[in-house]
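Student: Okay, here's what each chain looks like letter by letter:
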Amino acid sequence: MALLEVNNLYGGYESHEVLKGIDFKIDSARLVGIIGANGCGKTTLLKNLSGYFKPWQGNVNIAQENILAMNIRKRAKTVGYVPQNIPCDFSFTCYDLVMMGRAPYLGRFQREGELDRETVMNSMTLTHTWEFRNRFINELSTGERQRVYIARALAQQPKILLLDEPVSHLDIKYQVEVLNLLKELTCQGILVLVVLHDINLASQFCDEIMIMKDGTVLCRGTSAEVLLVQNISHAFSVDVKILDNPLTRTPYIVPVINKPKEL
Amino acid sequence: MRASRRTFFIMSILLLFFSAILAVSCGAVRIPPQEIFNIIAGKSNVTSRIILVSLRLPRVLEAGIVGAGLSVVGAAFQGLFRNPMADPYVLGVSSGAAFGATIAIILGLGMFGTGLAAFITAIVTISIVYIIARTGTKVSMTAMLLCGIAISAFLSAFISLMMLLNHNELSRIVFWTMGSFSLISWNQVYYSAPIISVGAILMYVYARDLNAIMTGEEIAEHLGINTELVKKVILVAGSLITATAVSIGGIIGFVGLIVPHIARLLVGSDNRILIPFCAVSGAAFLMLADTLSRIVLSPSEIPIGIITAAFGGPFFLYLLIKAKTKYEGM
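If you read the sequences in order, they're chains A and B.
Using my numbering, read the first sequence as starting at 169 and increasing by one per residue.
Using my numbering, read the second sequence as starting at 303 and increasing by one per residue.
Just chain A, with the same shape it has in the complex (with noise of 0.2 Å):
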């Protein structure tokens, strides 16, 4: 049984369309790194996914339920979404921005219950943010304040989790932190599609790599499957050579420079 499932998707804004015909499927809970040059599509990709647009042609299907059938809180309990830029300029703590995770599971005049606190708790706790739980957002770091917003997509109790760009504007300890995390949080039974700009911490942390290119998915497979000189050249009109991490035997990237010419 197919956890995603993707089918002929076409879609984009207005009249300017960005995805052409994406096909694909995941079976179960794995960590699945989207690569691919600025304006490839991958946050349209990742806004179909959660249903937030709806696809022009084709179907987005997850557990073998169309996205767009599901009623709006059914879809919030089954795909967890954490957007480029997360705003923070109000004053919520910690602990509350996380319970509103569980409003999907809260009706209009119900009170958040036992099972939503442990839930709350469960979910700081593995984003390592319960110990700021009675602090204001806006007080945090912006690598802790991811976390704070992974705790809450959790909390939702989600079978799919997308984020989009979480670690570009981190350094590197939290990069680590961040995609250690959602390493994890694939041992819970997660699917999790991130959108990543530095391929090599792609190739690092990703059980599998997805290419994508004017809209389309060009290749999909493990670092060492798909991390191909001629697939990153074509995906991203670089020059690139590929070595060895010596760590992780994944492939590593480094870009060719042409020397300047000597004036």
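In case anyone wonders, no lab produced these hints; they're calculated from the structure.
None of these values were measured; they are calculated from a predicted model.
All C-beta atoms, glycine included, are put in the ideal place defined by N, C-alpha and C.
One or more hints might be untrue.
To be verified - Simulated pairs of lysine to aspartate or glutamate, EDC-like, Cα-Cα distance not exceeding 20 Å:
{"id": "1", "chain 1": "A", "residue 1": "Lys427", "chain 2": "A", "residue 2": "Asp407"}
{"id": "2", "chain 1": "A", "residue 1": "Lys341", "chain 2": "A", "residue 2": "Asp366"}
{"id": "3", "chain 1": "A", "residue 1": "Lys327", "chain 2": "A", "residue 2": "Asp284"}
{"id": "4", "chain 1": "A", "residue 1": "Lys222", "chain 2": "A", "residue 2": "Glu185"}
{"id": "5", "chain 1": "A", "residue 1": "Lys381", "chain 2": "A", "residue 2": "Asp332"}
{"id": "6", "chain 1": "A", "residue 1": "Lys222", "chain 2": "B", "residue 2": "Glu530"}
{"id": "7", "chain 1": "A", "residue 1": "Lys242", "chain 2": "B", "residue 2": "Glu530"}
{"id": "8", "chain 1": "A", "residue 1": "Lys188", "chain 2": "A", "residue 2": "Glu173"}
{"id": "9", "chain 1": "A", "residue 1": "Lys381", "chain 2": "A", "residue 2": "Asp366"}
{"id": "10", "chain 1": "A", "residue 1": "Lys327", "chain 2": "A", "residue 2": "Asp366"}
{"id": "11", "chain 1": "A", "residue 1": "Lys327", "chain 2": "A", "residue 2": "Glu352"}
{"id": "12", "chain 1": "A", "residue 1": "Lys351", "chain 2": "A", "residue 2": "Glu333"}
{"id": "13", "chain 1": "A", "residue 1": "Lys245", "chain 2": "A", "residue 2": "Asp191"}
{"id": "14", "chain 1": "A", "residue 1": "Lys245", "chain 2": "B", "residue 2": "Glu337"}
{"id": "15", "chain 1": "A", "residue 1": "Lys341", "chain 2": "A", "residue 2": "Glu352"}
{"id": "16", "chain 1": "A", "residue 1": "Lys242", "chain 2": "B", "residue 2": "Glu519"}
{"id": "17", "chain 1": "B", "residue 1": "Lys624", "chain 2": "B", "residue 2": "Glu603"}
{"id": "18", "chain 1": "A", "residue 1": "Lys222", "chain 2": "B", "residue 2": "Glu520"}
{"id": "19", "chain 1": "A", "residue 1": "Lys242", "chain 2": "A", "residue 2": "Glu185"}
{"id": "20", "chain 1": "A", "residue 1": "Lys245", "chain 2": "B", "residue 2": "Glu520"}
{"id": "21", "chain 1": "A", "residue 1": "Lys242", "chain 2": "B", "residue 2": "Glu520"}
{"id": "22", "chain 1": "A", "residue 1": "Lys245", "chain 2": "A", "residue 2": "Glu233"}
{"id": "23", "chain 1": "A", "residue 1": "Lys351", "chain 2": "A", "residue 2": "Glu312"}
{"id": "24", "chain 1": "A", "residue 1": "Lys193", "chain 2": "A", "residue 2": "Glu376"}
{"id": "25", "chain 1": "B", "residue 1": "Lys440", "chain 2": "B", "residue 2": "Glu530"}
{"id": "26", "chain 1": "A", "residue 1": "Lys193", "chain 2": "A", "residue 2": "Glu233"}
{"id": "27", "chain 1": "A", "residue 1": "Lys222", "chain 2": "A", "residue 2": "Glu173"}
{"id": "28", "chain 1": "B", "residue 1": "Lys440", "chain 2": "A", "residue 2": "Glu182"}
{"id": "29", "chain 1": "B", "residue 1": "Lys624", "chain 2": "A", "residue 2": "Glu307"}
{"id": "30", "chain 1": "A", "residue 1": "Lys222", "chain 2": "B", "residue 2": "Glu519"}
As the list claims (entries may be wrong) - A short, non-exhaustive set of chain A residues, derived as facing chain B with CB atoms under 7 Å:
{"id": "31", "residue": "Phe258"}
{"id": "32", "residue": "Ser259"}
{"id": "33", "residue": "Asp264"}
{"id": "34", "residue": "Met268"}
Mind docking chain B on chain A? Use the hints.
Tutor: Just chain B, lined up with the frame of chain A:
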């Protein structure tokens, strides 16, 4: 954390209670608190009883209802527009109401006619703003803010022109636009209380969804919240409350902007606590402001808008300076 929120809430209810007593007893004829209890017990002279029941009480209650309504709308609009500058008048309700009221005053339609005209033009104005800002089934909050500002400016031009051409009504128009509760009777309380309380309760019911929308509209949708529905409920309830408040008290500035910020500094951003807290403290604030407007230059009255700005502004600045945590205005 939670305990201190409860303390503030109890304190605000006590403040409301004392404000009400103070407001009822102060005025051209002083009715000391002792006398108020005598009146309630039914053993007092007829004059003070009439002053209390048919003059003071409706006026004080109305100030409280309007203060609660405007503060709740201010808090909800600031959250909805994710803009700390937002207030109940931001969508052009005030200019719309002033436009109708100005015409009514010039035509000599009387108190009731002026209120009704203000209510109708306020609702028409906000509907125009909504229709212009809507694209398909979605409403952009930024587009609404900009439309509100543009239509406000447009209507203000006509109001100024009408004022210029009708010198003899100038002071009445100016007095109306600065707000006053001087001519309130029970009739206004009877129709405004249900509208404003239903509107405020609706906002409270959607407080949790509003919290999520404050953290981003798109992200709220990913939390399973029908953001378009929530926006519509808040906009409709907010517009009805504001139009009702304006049609009764005129354009009382500042209360809908400053009370939510003061409340947020004390109890935080969570709308489930903020909205009831704003209702209670906004009511107390406007009751006190109305009392001051009666006694500062007694026996004549000054517009309540002058009091709200003159006392509310410095108090807010004081809290802002004293605030321990960084206050982002949201």
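Student: Looking back at the hints listed earlier, which ones does the structure fail to meet?
Tutor: 10, 13, 14, 17 and 19
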